[in-house]
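Asker: Fit chain B to the supplied structure of chain A, relying on the hints for placement.
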Amino acid sequence: GENVEQHPSTLSVQEGDSAVIKCTYSDSASNYFPWYKQELGKGPQLIIDIRSNVGEKKDQRIAVTLNKTAKHFSLHITETQPEDSAVYFCAASMDTDKLIFGTGTRLQVFP
Amino acid sequence: ETGVTQTPRHLVMGMTNKKSLKCEQHLGHNAMYWYKQSAKKPLELMFVYNFKEQTENNSVPSRFSPECPNSSHLFLHLHTLQPEDSALYLCASSQEAGGDGYTFGSGTRLTVV
Numbered sequence: 003g004e005n006v007e008q009h010p011s012t013l014s015v016q017e018g019d020s021a022v023i024k025c026t027y028s029d030s031a032s033n034y035f036p037w038y039k040q041e042l043g044k045g046p047q048l049i050i051d052i053r054s055n056v057g058e059k060k061d062q063r064i065a066v067t068l069n070k071t072a073k074h075f076s077l078h079i080t081e082t083q084p085e086d087s088a089v090y091f092c093a094a095s096m097d098t099d100k101l102i103f104g105t106g107t108r109l110q111v112f113p
Numbered sequence: 190e191t192g193v194t195q196t197p198r199h200l201v202m203g204m205t206n207k208k209s210l211k212c213e214q215h216l217g218h219n220a221m222y223w224y225k226q227s228a229k230k231p232l233e234l235m236f237v238y239n240f241k242e243q244t245e246n247n248s249v250p251s252r253f254s255p256e257c258p259n260s261s262h263l264f265l266h267l268h269t270l271q272p273e274d275s276a277l278y279l280c281a282s283s284q285e286a287g288g289d290g291y292t293f294g295s296g297t298r299l300t301v302v
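Protein sequences appear in the order of chains A and B. Letter 86 of the first sequence, counting from 1, is numbered 88 in our numbering, and no numbers are missing. Letter 71 of the second sequence, counting from 1, is numbered 260 in our numbering, and no numbers are missing.
None of these hints come from the bench; they were simulated from the model. All of these numbers come straight from a predicted model, not from anything done at the bench. Hints are supplied without guarantee of correctness; some may be wrong.
Output of the computed footprint for chain A on chain B, the stretches with three or more beta carbons under 8 Å from beta carbons of chain A [said to hold, decoys possible]:
no., segment
1, 220-233
2, 289-297
A short list of chain A residues far from chain B (calculated; beta carbon distances all over 10 Å) [what the hints assert, rightly or not]:
no., residue
3, H9
4, A31
5, V111
Computed beta-carbon distance windows for the label pairs [unchecked claim]:
no., chain 1, residue 1, chain 2, residue 2, range
6, A, H9, B, N246, 26 to 32 Å
7, B, N246, A, S54, 26 to 32 Å
8, A, F112, B, N246, 40 to 46 Å
9, B, P250, A, G18, 43 to 49 Å
10, A, D29, B, Q243, 22 to 28 Å
Beta carbons are placed, not taken as given, at the ideal position from N, Cα and C, and that holds for glycine.
One chain only, chain A, in its complex shape (with noise of 0.2 Å):
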């Protein structure tokens, strides 16, 4: 079955500098690969996904890319500011299969 596996597990950064986190799949037959942001007390929600016919997604600070040919995906969140500040969750599943999440980020912005 699916793995995901998804690095750093926290990471901090001064607000303005951009972030970086990187998941990786095992499965070459996942075709698509959400990204959710966990804030202290609330589910996770989604804030950006991406399907393997694309190579990158933006919108607005925040970014995805997909390397099929590695299995590999990252998030990019640039001009970080303090709200950013949560859980960062990758994903992969295909077709309608379920979702199998990576371990998650803690992302620290500080002002």
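Answerer: Chain B alone, transformed into the frame defined by chain A:
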């Protein structure tokens, strides 16, 4: 609120107690899920319901018993739990069973004493 409501938000129960977690979605979705979130572990899928039918039980112990009376409601009945069952239990829903477009609730923080 995300459209998926979980109650209670917090629950403390003894190992001999019986309690239930409730999840309700107002999104018109047809699939609902229970996940367990423990510290420093990936979210663990427990159960999947699609159009009220259970389609997956991810080797969950029988002390956890799900119930899905309709596409909008999902319950998790708990009995004779162990301290290691303490975790955040998350409910999610999606239009169809699969990986796309999950909406999560805020979870129930369960502590077993």
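Asker: It remains to establish, for every hint, whether it holds in the given structure.
Answerer: Tested hints:
1. With a cut-off of 8 Å between beta carbons, the segment 220-233 of chain B has 5 residues touching chain A; three or more are needed, and the interface restraint holds.
2. Coverage of the segment 289-297 of chain B by chain A holds. Counting CB-CB distances below 8 Å, 8 residues qualify, and the rule asks for three or more.
3. For H9(A), the requirement that its beta carbon stay farther than 10 Å from each beta carbon of chain B is met, with the minimum near 13 Å.
4. Residue placement check: A31(A) keeps its beta carbon more than 10 Å from all beta carbons of chain B (closest about 12 Å).
5. Even its closest Cβ contact with chain B, about 21 Å, leaves V111(A) beyond 10 Å, as expected for a residue assigned away from the interface.
6. A hinted range of 26 to 32 Å for the beta carbons of H9(A) and N246(B) is consistent with their spacing of about 31 Å.
7. Checked against the given bound of 26 to 32 Å, the beta carbons of N246(B) and S54(A), roughly 29 Å apart, stay inside it.
8. For F112(A) paired with N246(B), a C-beta distance near 43 Å keeps the hint of 40 to 46 Å intact.
9. Separated by about 47 Å at the C-beta atoms, P250(B) and G18(A) satisfy the suggested range of 43 to 49 Å.
10. With their beta carbons about 24 Å apart, D29(A) and Q243(B) fall inside the hinted range of 22 to 28 Å.
Violated hints: none; the structure is consistent with every hint.
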